[in-house]
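Quick mapping for you: the protein sequence lines, in order, are chains V and S. For the first sequence, position 32 (counting from the first letter as 1) is numbered 32 according to the numbering used here, and the numbering increases by one without interruption. Converting from the second sequence to the numbering used here requires adding 1000 to each position, the first position being numbered 1.
Please keep in mind that the hints were generated in silico from the structure rather than gathered at the bench. A quick note: this is a predicted structure, and the numbers were derived from the prediction, not measured. Hints are not guaranteed to be accurate.
[Stated by the list, open to error] Computed, partial: chain V to chain S, Cβ under 7 Å:
id: 1; residue: 43
id: 2; residue: 44
id: 3; residue: 46
id: 4; residue: 104
id: 5; residue: 106
[To be verified] If you only want the chain V side, here are some residues facing chain S, beta carbon under 8 Å, derived:
id: 6; residue: 42
id: 7; residue: 49
id: 8; residue: 90
id: 9; residue: 101
id: 10; residue: 102
id: 11; residue: 107
[Unchecked claim] Restraint ranges, calculated between C-beta atoms of paired labels, are given here:
id: 12; chain 1: V; residue 1: 5; chain 2: S; residue 2: 1087; range: 21 to 31 Å
id: 13; chain 1: S; residue 1: 1058; chain 2: V; residue 2: 79; range: 33 to 43 Å
id: 14; chain 1: S; residue 1: 1040; chain 2: V; residue 2: 1; range: 16 to 26 Å
id: 15; chain 1: V; residue 1: 106; chain 2: S; residue 2: 1083; range: 16 to 26 Å
id: 16; chain 1: V; residue 1: 20; chain 2: S; residue 2: 1083; range: 39 to 49 Å
Beta carbons: idealized from backbone N, C-alpha and C, even for Gly.
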Amino acid sequence: AQSVTQPDIHITVSEGASLELRCNYSYGATPYLFWYVQSPGQGLQLLLKYFSGDTLVQGIKGFEAEFKRSQSSFNLRKPSVHWSDAAEYFCAVGAGGATNKLIFGTGTLLAVQP
Amino acid sequence: DAGVIQSPRHEVTEMGQEVTLRCKPISGHNSLFWYRQTMMRGLELLIYFNNNVPIDDSGMPEDRFSAKMPNASFSTLKIQPSEPRDSAVYFCASSLGGGGSSTDTQYFGPGTRLTVL
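Chain S on its own, in the form it takes in the complex (with noise of 0.2 Å):
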């Protein structure tokens, strides 16, 4: 299997634009998650879906962020319009379980590194 697929690898904006990151899970798999993954941080859940609905988005920081899953093999988080304090490496993750399956082990894509100037 190819993975968890992230896209782009590298994102450089200027405030104010709208960003797009992309995600394609593993195939078979019911659950993706996004994180944000800053210095002062660290690693923190924004959203995450199962069978595509979004399950738990209190993460996500506020109305500039939306995340959608139309099918089960692409998801998106865009931020709209982006700032500078959102620069931050961007996970995702799929897990091949649905809901109260804990033990599943969440497999991570590469991430996409966004500077926001």
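Just chain V, same shape as in the assembly (with noise of 0.2 Å):
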């Protein structure tokens, strides 16, 4: 069965240092990927997607994610953080077959330091 897992529950960086969330996958064919970012007491807003072609995905707010096959690995980037990306960041993959469900992680904390 298709699953997501975000290693990291809560991640703390500086203002200005880069990010990298980890995501990793288990899927039986070509995944179709996804990042949502959600602010508090907001809903979630897509980043990007994945499906085919280029395996690095260009997103909003200057968010990149690089799909990695080899390592079942679909890492969210940035590479310089803003107080504003303080957020909670949650990895899917689409479940397939004739559906289009999205199998969510359990996203990732992420704090921002002055």
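Could you use the hints to bring the two separately framed chains together as a complex?
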């Protein structure tokens, strides 16, 4: 069955530092992968998605993610974090088949220090 | 577009009462999803509809939960009777495509924070 693992529950970085959030998936075929961000008290907003083509995907707010099939990973990166990036980040994989369900990871809570 | 609209944003009720959560998807979207988010269990898919038809309700916790989509622009999630363990944030999301279109982006509403005392 499809699954998503986000090994880091909580990460703290300094403003201006680089960021990498980890995501590993389990899926038998080519996965459809997503990163969402949830600000406090808000719904989830799509940052970026991958379904084919270039394995380096650019998203909104300066984020990017790289699909690595050999490592079953889809890590999210940002070269310089801003205080407004403090939020919870969710990785998700499409469940596949005749469905458009998503399987979400447990999330990584990002704190940004001034 | 106004995005996915959910009401109410906050609901406080007493155990045993009926609770109805409402969702208006983005106009033209064919799929609608109900999620529940808690600290303990994270984000769980409860049910999803395609073209107003329930496709997968395997995530609905028990018979106390029911969901309907009478038309393309409205869905409800009902809990009757409510229990304290139902306290959570309930999200509605919609996407453009129908089944088999896993690339479709799901757009989330702001959520309803439910507290059952």
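Any hints this thing doesn't respect? Which numbers, in order? Violated hints: none at all, because every hint is consistent with the structure.
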